[in-house]
Amino acid sequence: TYSTTNWQAGEIVIDRHSVRLPRDFSDGEHLLQLTISDSVHSTSPIVLGHVNVPTIDRVFHPPSPSQYTDLRFGDWVKLLGYDMEISKEFQLRLYWQTLAETNKDYTVFIHVRDTDNQIVAQHDSPPVKGNYQTSLWVANEFVVDSHSFDLPSGHYSLAVGMYLPETGERLKLPNNQDELLIQDLVIP
Numbered sequence: 001t002y003s004t005t006n007w008q009a010g011e012i013v014i015d016r017h018s019v020r021l022p023r024d025f026s027d028g029e030h031l032l033q034l035t036i037s038d039s040v041h042s043t044s045p046i047v048l049g050h051v052n053v054p055t056i057d058r059v060f061h062p063p064s065p066s067q068y069t070d071l072r073f074g075d076w077v078k079l080l081g082y083d084m085e086i087s088k089e090f091q092l093r094l095y096w097q098t099l100a101e102t103n104k105d106y107t108v109f110i111h112v113r114d115t116d117n118q119i120v121a122q123h124d125s126p127p128v129k130g131n132y133q134t135s136l137w138v139a140n141e142f143v144v145d146s147h148s149f150d151l152p153s154g155h156y157s158l159a160v161g162m163y164l165p166e167t168g169e170r171l172k173l174p175n176n177q178d179e180l181l182i183q184d185l186v187i188p
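Counting from 1, one number per residue, gives the positions in the sequence shown under the numbering used here.
Errors might be hidden in some of the hints.
Claimed, not checked - Straight line, CA to CA, 27 Å or less: simulated DSSO-like cross-link-like pairs of lysine-lysine:
(1) Lys104 x Lys88
(2) Lys88 x Lys129
(3) Lys78 x Lys129
Quick caveat, the hints were computed from the structure, so don't treat them as lab data.
Based on the provided sequences and hints, a complete structural model is requested.
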């Protein structure tokens, strides 16, 4: 860090900060203020503007997936189940349930593999099309995470899991595997 005691008169200092709001922070418009201080002095708050915190629509009643898995990934989340639908595109809906809160933002991966176990399509993103990071999830919440693929006719399998994008480390299943394999997907 660059201590304010080292600042020179007329110097322009750019100082970026990421502010993590608590999960239970109220939605709506909030005042954003800046205070500069050191071990001795502190400025009066400077109003920087307003920040709009959107409402998070949380679901606490269990969904009813067509396929139940009830598998833990790591120690904080489980895949309750999934739905698959084949229309113009192949649709996969994953139903996650949080068992505990995490301060890490995981990425969901879905790898579509052909009969030779080669990845022919994949989707990696934070949950809910990148709009709902796992660090915002609260305990006992259910999250519906939908994914679409445009696949040609054929036989496929799916690999589903979560990983930390910074390290690539995947969450483990109870059997120590790092992905759930869904077999026998047929696209007519």
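Checked hints:
1. Lys104 x Lys88: Not OK: Lys104 and Lys88 at ~35 Å, beyond 27 Å, violated.
2. Lys88 x Lys129: Distance ~19 Å between Lys88 and Lys129 Cα, so the pair holds.
3. Lys78 x Lys129: OK: Lys78 and Lys129 at ~19 Å, within 27 Å.
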